[in-house]
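Visitor: One letter stands for each residue in the lines below.
2 protein chains.
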Amino acid sequence: MSADSHPASRLDETVHQRVRLGILGILSEADRASFTYLRDALGVTDGNLSAHLQVLADAGLAQADKEFVDRKPRTWVRATRRGRETFKSEMATLTELVTRYGAKKT
Amino acid sequence: MSADSHPASRLDETVHQRVRLGILGILSEADRASFTYLRDALGVTDGNLSAHLQVLADAGLAQADKEFVDRKPRTWVRATRRGRETFKSEMATLTELVTRYGAKKT
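Protein chains in written order, with numbering that gives the first Met the number 0: chain A, 0 to 105; chain B, 0 to 105.
Next up, chain A with everything else stripped away, as it sits in the complex (with noise of 0.2 Å):
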């Protein structure tokens, strides 16, 4: 087998972590989301949920924006396009490693 050939080792940190996967799986069925409504949905802290946003940010894939409804914050989460190209990629990945282990019986 030549070096590489594994998917797993086409699969990217940035996205493959398991709370960033969830923020851009949750930002492909929406348009935005809210900061409390990640939280959540991930079953996360304020402070983890805020350093994988940033992670996000750092990388292009996804955006926050502070909003004032009744003179309260509230953010907002999007996905960049590049954040859901980069999601798209990253369920094809999982698709082949699903298709080659999942329906495996032990």
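Wrong hints could be hidden among the right ones.
Listed next, the in silico SDA-like pairs over lysine to any residue satisfying Cα-Cα at most 25 Å (straight line) [stated by the list, open to error]: (1) K87(A) to S8(B); (2) K87(A) to R81(B); (3) K87(A) to H15(A); (4) K87(B) to D45(A); (5) K87(A) to S88(B); (6) K87(A) to D11(B); (7) K87(A) to T35(B); (8) K87(B) to S8(A); (9) K87(B) to P6(B).
Here are a few chain B residues that sit away from chain A, every Cβ distance over 12 Å (derived from the structure) [said to hold, decoys possible]: (10) P6; (11) E28; (12) D57; (13) A58; (14) M90.
Computed beta-carbon distance windows for the label pairs [claimed, not checked]: (15) T44(A) to K71(B): 44 to 52 Å; (16) D11(B) to S88(A): 19 to 27 Å; (17) S4(B) to T74(A): 14 to 22 Å; (18) D57(A) to S8(B): 17 to 25 Å; (19) A63(A) to E28(B): 35 to 43 Å.
Hints in this document: simulated from the structure, not taken from any laboratory. We put the CB at the ideal spot given by N, CA and C, even for glycine.
Knowing the structure of chain A, use the given hints to seat chain B on it.
Guide: For chain B alone, coordinates are given in the frame of chain A:
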């Protein structure tokens, strides 16, 4: 949506991390694999592979054994029964994810 309802929140980082996912995938198809085979198939360095094998060993998911062939040491790696079960459970969750997001046109 209630907390922890997203499939990504049920992924376990011990198995989800891409190199460890690759190791357990290869070991799910073989009784055992050599250290060098895993290293080349996954495109990682010796040090990186060793570190990930240690994480899997500490979690009771895989074990490494050294054998001497023509007085040269060779390290063989196997998945434990728990390792196989944990990998199967990860594949089930990834199947949910790709079923939900994989076929989406963007």
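Visitor: Decide, hint by hint, whether the structure agrees.
Guide: Against the structure, the hints come out as follows:
1. Distance hint between K87(A) and S8(B) is fulfilled; the C-alpha atoms sit about 19 Å from each other, no more than 25 Å.
2. This hinted pair does not check out: K87(A) and R81(B) have alpha carbons roughly 31 Å apart, beyond 25 Å.
3. With a CA separation close to 11 Å, the supplied pair K87(A) and H15(A) stays within the 25 Å bound.
4. Using a Cα cut-off of 25 Å, the hinted pair K87(B) and D45(A) is violated, with the two alpha carbons roughly 31 Å apart.
5. Under the criterion of a C-alpha separation no larger than 25 Å, the hint pairing K87(A) with S88(B) is consistent with the structure, at around 23 Å.
6. Distance hint between K87(A) and D11(B) is fulfilled; the C-alpha atoms sit about 21 Å from each other, no more than 25 Å.
7. Between K87(A) and T35(B) the alpha-carbon distance is near 32 Å, which puts this suggested pair outside the 25 Å criterion.
8. Restraint check for K87(B) and S8(A): satisfied, since their Cα atoms lie roughly 19 Å apart, inside the 25 Å limit.
9. Restraint check for K87(B) and P6(B): the C-alpha separation of about 15 Å stays at or below 25 Å, so the hint holds.
10. For P6(B), the requirement that its beta carbon stay farther than 12 Å from each beta carbon of chain A is not met, with the minimum near 8 Å.
11. The beta carbon of E28(B) is not kept farther than 12 Å from every beta carbon of chain A, the shortest such distance being approximately 8 Å.
12. The non-interface label for D57(B) is consistent with chain A: the shortest C-beta to C-beta separation is roughly 19 Å, beyond 12 Å.
13. Look at A58(B): its CB is around 16 Å from the nearest CB on chain A, clear of 12 Å, so calling it non-interface holds up.
14. Its beta-carbon lying about 4 Å from the closest one in chain A, M90(B) breaks the requirement of being farther than 12 Å from that chain.
15. The given range of 44 to 52 Å is respected by T44(A) and K71(B), whose C-beta atoms sit roughly 49 Å from each other.
16. Taking the beta carbon of each, D11(B) and S88(A) are about 23 Å apart, inside 19 to 27 Å as hinted.
17. Under the hint 14 to 22 Å, the C-beta atoms of S4(B) and T74(A), about 21 Å apart, fit the expected range.
18. The hint said 17 to 25 Å for the Cβ distance between D57(A) and S8(B), and at roughly 23 Å that hint holds.
19. Against the hinted window of 35 to 43 Å, the Cβ-Cβ separation of A63(A) and E28(B) comes to about 41 Å, which satisfies the hint.
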